[in-house]
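Generate the whole structure from the sequences, applying the supplied hints.
Each residue of the sequence shown is one higher than the last, beginning at 181 in my numbering.
These aren't lab readings, by the way, just hints derived from the structure by calculation.
The C-beta atom is built at its ideal place from N, Cα and C for all residues, glycine as well.
Hints may contain errors.
[Claimed, not checked] Mimicking PhoX-like on lysine-lysine, the simulated pairs with C-alpha atoms at most 20 Å apart in a straight line are:
1. 355 - 280
2. 381 - 280
3. 258 - 355
[Said to hold, decoys possible] Derived CB-CB ranges, DEER-like:
4. 519 - 357: 35 to 41 Å
5. 393 - 221: 57 to 63 Å
6. 264 - 496: 32 to 38 Å
7. 383 - 519: 48 to 54 Å
8. 519 - 471: 39 to 45 Å
9. 383 - 348: 34 to 40 Å
10. 505 - 345: 40 to 46 Å
11. 348 - 520: 30 to 36 Å
12. 405 - 385: 34 to 40 Å
13. 446 - 267: 40 to 46 Å
14. 292 - 489: 43 to 49 Å
15. 358 - 474: 24 to 30 Å
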Amino acid sequence: MTARPRISPGVRLAGLAAIVLLAGYGVYEWSYGAPMRQARASVVSAAASVRDLEERLADERAVQREMSEIGRRLLGLKRDAVEHRLTAGLRAVAERGGLKRVIVSHGEPIREMNPLTRGRARVDPSGLRTALRTSPDFMVIRGDVGGQGTLAQVLRVLSEIDSQPWLRVEGFLLKPIGAKDSDQFSLRVDVAIAWAPELLKEETPDPVLAEDRPGSGAVWRAIAARNPFRDTPREVARAPEVVKPVGEPAAAAPTAPAPEIPPPPPPYAEWRLTGVVRAPRTGVQALLVNTRTSASVTVLKGASVENATLVDAEGETAVFRIGEELFRVRVSQTLAERTPAG
Numbered sequence: 181m182t183a184r185p186r187i188s189p190g191v192r193l194a195g196l197a198a199i200v201l202l203a204g205y206g207v208y209e210w211s212y213g214a215p216m217r218q219a220r221a222s223v224v225s226a227a228a229s230v231r232d233l234e235e236r237l238a239d240e241r242a243v244q245r246e247m248s249e250i251g252r253r254l255l256g257l258k259r260d261a262v263e264h265r266l267t268a269g270l271r272a273v274a275e276r277g278g279l280k281r282v283i284v285s286h287g288e289p290i291r292e293m294n295p296l297t298r299g300r301a302r303v304d305p306s307g308l309r310t311a312l313r314t315s316p317d318f319m320v321i322r323g324d325v326g327g328q329g330t331l332a333q334v335l336r337v338l339s340e341i342d343s344q345p346w347l348r349v350e351g352f353l354l355k356p357i358g359a360k361d362s363d364q365f366s367l368r369v370d371v372a373i374a375w376a377p378e379l380l381k382e383e384t385p386d387p388v389l390a391e392d393r394p395g396s397g398a399v400w401r402a403i404a405a406r407n408p409f410r411d412t413p414r415e416v417a418r419a420p421e422v423v424k425p426v427g428e429p430a431a432a433a434p435t436a437p438a439p440e441i442p443p444p445p446p447p448y449a450e451w452r453l454t455g456v457v458r459a460p461r462t463g464v465q466a467l468l469v470n471t472r473t474s475a476s477v478t479v480l481k482g483a484s485v486e487n488a489t490l491v492d493a494e495g496e497t498a499v500f501r502i503g504e505e506l507f508r509v510r511v512s513q514t515l516a517e518r519t520p521a522g
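Right under this line is the structure:
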C-alpha cells in the first residue's frame, strides 16, 4: 500500500486562515463595503444635484427680477384699463406736440408665442414644445396714432412717442400735405405694447408720459430746419457773353461738336440703411439717413430714393432695384456698398 502524504499542521492552519479571510472579506463586502461605496456615490450625486439646483435658483431669481422690471413698465392688469391708457397716452403725446386732427385706434390682443415653437429648433424635453404652444408668453396689443402739423411738430411727436418705455414703435409714415413746398405734414405711427397680467399682482397707476430723450431734440430740430421735403431752386451758371471785334468778319472755322458730358452718378455713398421695418399695414419699409445732411427718409416697398427702388426686405437686409439689377444692402451699409442679389 502506498502511504498518503501527510499534511503538516502548519499548512492546514494556513489554508484554514485563507478560507476564513475570504469568507470574512465576502461578508465585509456584502454587509459594509459595497453599501458604503454606493452611499458615497449617492452623496457625490446629491452634492452635484444641490449645486445644480442652487445655480438654477440663482438664475430663477435673476429672471424674476427681470420679469418684475418688465411688469413695472406694463400699462395695467385689466384689458379695458390697458387699452384706455394706450389710446389716452398716444393722444396726449400727439396733442402736446401740437398735432391737429388726432386719431387713435387699437386692435384686439394677439397671443405672442415663444420663439422656440417656431421653425425646427430642437426643444428638450420633447413635451416642452407642446407646453409652450398651449400657453402664450404674453399678449400684444397693436395701435396707431395719426395727426397733422408742421414738420417740426410731427418730428417732435414721433421722437416723443419713441421715447415712451411702455411701447415699441413698429413703423411710421410721414408725408407732406398738398404742394411740395407746403409746411403741413401728416404723420401716422404704428406701435405695439405687451399685456401680461400674470406679471402683476395689482392694478398699476397711470403711466407718466416720458419727455424726449436727451439729444433727440437737437436732431429733429436740425432736420426740420433743413426740411428735406422742400425743393430748393438751383442756380444755373451762364456762359460769359463773347464780345465780337468790330471789322470785317473772319471766316468761320469749322467747329467740332462739343463732347457730351454724362450726368453725375447718384450720390449712393451718402445714403445709409439704418433699419428695416415690416409694419402690419404699410408692409416692408427701409429707413435711410443721408450722411451729409442728416435727413432721414422712410422708403416703402415700390418707392425709390436716388433711383434705387425698394423691392423687399428681411431681417437686417433690404433688396433694391437699380436699373435692371437687384442689389442687397445690409443695415449700416450705404447704397454704394451694395452687393448683387443674384
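Cross-check of the supplied hints:
no. : hint                  : result
1   : 355 - 280             : holds, 15 Å
2   : 381 - 280             : violated, 38 Å
3   : 258 - 355             : violated, 36 Å
4   : 519 - 357: 35 to 41 Å : holds, 38 Å
5   : 393 - 221: 57 to 63 Å : holds, 59 Å
6   : 264 - 496: 32 to 38 Å : holds, 36 Å
7   : 383 - 519: 48 to 54 Å : holds, 52 Å
8   : 519 - 471: 39 to 45 Å : violated, 19 Å
9   : 383 - 348: 34 to 40 Å : violated, 22 Å
10  : 505 - 345: 40 to 46 Å : holds, 43 Å
11  : 348 - 520: 30 to 36 Å : holds, 34 Å
12  : 405 - 385: 34 to 40 Å : holds, 38 Å
13  : 446 - 267: 40 to 46 Å : holds, 43 Å
14  : 292 - 489: 43 to 49 Å : violated, 33 Å
15  : 358 - 474: 24 to 30 Å : holds, 26 Å
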